[in-house]
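Participant: Each protein sequence line maps, in turn, to chains A and B. Mapping of the first sequence onto the working numbering: residues 528 to 749, in sequence order. Mapping of the second sequence onto the working numbering: residues 528 to 749, in sequence order.
These are calculated hints, taken from the structure and not from any lab test. Accuracy of the hints is not assured; some may be wrong.
For chains that are exact copies, the list does not tell them apart, and a pair is met inside one copy or across any two.
[As the list claims (entries may be wrong)] In silico SDA-like pairs for lysine to any residue, Cα to Cα no more than 25 angstroms straight-line:
(1) K606 to R640
(2) K618 to Y601
(3) K606 to Y740
(4) K603 to L544
(5) K707 to S568
(6) K726 to A691
(7) K585 to D604
(8) K585 to K606
(9) K718 to L741
(10) K707 to A580
(11) K674 to A742
(12) K726 to V551
(13) K656 to P637
(14) K726 to T545
(15) K707 to Q743
(16) K726 to G597
(17) K718 to Y740
(18) K585 to S542
(19) K707 to T545
(20) K718 to D654
(21) K674 to F590
(22) K606 to A716
(23) K726 to N547
(24) K585 to D635
(25) K603 to V702
(26) K656 to A581
(27) K674 to R584
(28) K718 to V564
(29) K671 to V719
(30) K674 to D659
It should be emphasised that the depicted structure is a prediction, and the values quoted were computed from it without experimental measurement.
2 protein chains.
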Amino acid sequence: MNSQNKRKTASEPVSELTTNRLSVYLRCLNQLEAASVETISSQALAEQFHLNAAQIRKDLAYFGEFGVRGVGYYVKDLKRHLRQILGLDRKLRVAVMGAGNLGLALADYPGFRREGFEIVAMFDIADAKIGDRSKSGVPIHDLKELKKVVRRDRFDIAVIAVPAESAQRVLEQVVAAGIKAVLNFSPGAIKVPAGVKMKSVDLTVSLESLSFYLAQGIDDGH
Amino acid sequence: MNSQNKRKTASEPVSELTTNRLSVYLRCLNQLEAASVETISSQALAEQFHLNAAQIRKDLAYFGEFGVRGVGYYVKDLKRHLRQILGLDRKLRVAVMGAGNLGLALADYPGFRREGFEIVAMFDIADAKIGDRSKSGVPIHDLKELKKVVRRDRFDIAVIAVPAESAQRVLEQVVAAGIKAVLNFSPGAIKVPAGVKMKSVDLTVSLESLSFYLAQGIDDGH
C-alpha cells in the first residue's frame, strides 16, 4: 500500500533540508497539475521553478524510482508519492496556541488546509476570546481545557503563537497533553523536552538575512 | 568605524545559512547580556544554546578575530560586531503589504522592533482598512499611494502578506516603487525581478516537515 515505507525505515536519517525540498517539489507539481501538465523531466522542472535538476534526481532517487526513461516524471504519480513520503496521505490535525493576530492568521492560513492540514482548535487564556471563533470558524478554547480537548479532538501538531514570555510554559502544557510535534513562532530560546519534534520559525532571522544583503549592496537577482 | 567592511567585500559570498546562524548567535548574546554574562567561550555558547562550537568559531573567524585567548568572547563586543555585520547598526525601515490578520500580526511582532526594524507603514486595498492603524499604531495606507509613501517614508524592506493571487502583482508594484529587499509570506511561486533580493517564508513547508517526522515515528529529541 505504501511502498515508500521500506526506504523510510532505512537507518540513514533524512535531513530537514531534504524534506523541505520535497515540500517545494510538491508545491511545483501542484502548479503543473493545475496547468494540465501530465509529464515533466527533472531538467524542465528545474528550469521552470529555478531548482537544481541533479538535486531533484538525487532527492527522489532516495525514496524510489519514480522517473520513466524518455518521459520524465508523471506529475500525478509523483505528486501522490511525495504526499505519501511526507505523510500527507492522511489528514493531519493541528491546534493553534494563542488567538492573537498571529494565531488567527495561522488558523485561517489557506495554504494549510489546501495541503491537508486541518486546524481544529485554538487556545487562549483571555476570557474575551474564549468561546469565539476565527473567521474561518476555528473555535477558541480555554487553555485550561487543553488536555480534555486533546483527548476529544485528537490533534497531531500544536502551533505556538503566544508571547515569548509564555512560550516555554505553553510548550510544556502541550507536551504534557501528549502532543509530539510542535511548530513554534515564538522568538527566543526554548528547551524542548525529549521525544518531541519542534520546528521554530523565527521571523526576525529572515529579516536580518535581508538586512545583511542590504548592508552589502545587492548585486544578484536572488 | 566599521572594521568588518574589509572582509565583507571579499569575493567569496556569504551563504544565507551563515547569515541565519549569525542571527541565531546574536539572539543568544542578547539573552546572555540580559543575564549579565560578560564573557563566554565558543564551547559554553554551544552547550548553553545547543549549537556547534567549531561552527561558531568558523563563522565568526570569517569576519575577523573576535575571540580573546583564555577569555572567549566579550558578550557586548561580539554583539556589537554581529549587529554591524548584519547591517543592524542602522535602523531598517519596513513596510507590510496587506493588512489582514497576518499583516497585522507582522506589523506588531515585538521581535522586529527589538532587533532594530521599524515597521513604518502598511498598505491595503480595502476602504474599510485604509486610514486605520494596527494595535501598535502602524498606519494603513491605500496601496495606490505606495510610490508616494515610499518617497516620503523611505523604507528599505517590504513584507508581502497578501493573498496568493495578488502576490505577484503586489511584488511588481513594490519593485516599481524602488524597494530592493522583500520578505514574502505568500505561498506559491513568484517571479523575482533582477536586482531584488526576496526571501520567502513558506509556513506550509514547516508543517510538512513535521508531518514527515510524524509519519516516521519520532525517536529523537529534536
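Participant: Each of the hints needs a verdict: does it hold here or not?
Facilitator: Okay, the hints, checked on the actual structure:
no., hint, result
1, K606 to R640, "within (17 angstroms within a copy, 41 angstroms between copies)"
2, K618 to Y601, "within (24 angstroms within a copy, 49 angstroms between copies)"
3, K606 to Y740, "between (35 angstroms within a copy, 19 angstroms between copies)"
4, K603 to L544, "within (24 angstroms within a copy, 33 angstroms between copies)"
5, K707 to S568, "neither (37 angstroms within a copy, 33 angstroms between copies)"
6, K726 to A691, "both (15 angstroms within a copy, 24 angstroms between copies)"
7, K585 to D604, "within (18 angstroms within a copy, 43 angstroms between copies)"
8, K585 to K606, "within (17 angstroms within a copy, 40 angstroms between copies)"
9, K718 to L741, "between (33 angstroms within a copy, 20 angstroms between copies)"
10, K707 to A580, "neither (35 angstroms within a copy, 29 angstroms between copies)"
11, K674 to A742, "between (48 angstroms within a copy, 23 angstroms between copies)"
12, K726 to V551, "both (17 angstroms within a copy, 14 angstroms between copies)"
13, K656 to P637, "both (22 angstroms within a copy, 21 angstroms between copies)"
14, K726 to T545, "both (15 angstroms within a copy, 19 angstroms between copies)"
15, K707 to Q743, "between (41 angstroms within a copy, 12 angstroms between copies)"
16, K726 to G597, "neither (39 angstroms within a copy, 35 angstroms between copies)"
17, K718 to Y740, "between (31 angstroms within a copy, 19 angstroms between copies)"
18, K585 to S542, "both (13 angstroms within a copy, 22 angstroms between copies)"
19, K707 to T545, "within (21 angstroms within a copy, 29 angstroms between copies)"
20, K718 to D654, "neither (29 angstroms within a copy, 44 angstroms between copies)"
21, K674 to F590, "neither (37 angstroms within a copy, 49 angstroms between copies)"
22, K606 to A716, "between (36 angstroms within a copy, 17 angstroms between copies)"
23, K726 to N547, "both (12 angstroms within a copy, 15 angstroms between copies)"
24, K585 to D635, "neither (35 angstroms within a copy, 42 angstroms between copies)"
25, K603 to V702, "neither (37 angstroms within a copy, 35 angstroms between copies)"
26, K656 to A581, "neither (50 angstroms within a copy, 47 angstroms between copies)"
27, K674 to R584, "neither (44 angstroms within a copy, 44 angstroms between copies)"
28, K718 to V564, "between (46 angstroms within a copy, 20 angstroms between copies)"
29, K671 to V719, "within (21 angstroms within a copy, 46 angstroms between copies)"
30, K674 to D659, "within (19 angstroms within a copy, 39 angstroms between copies)"
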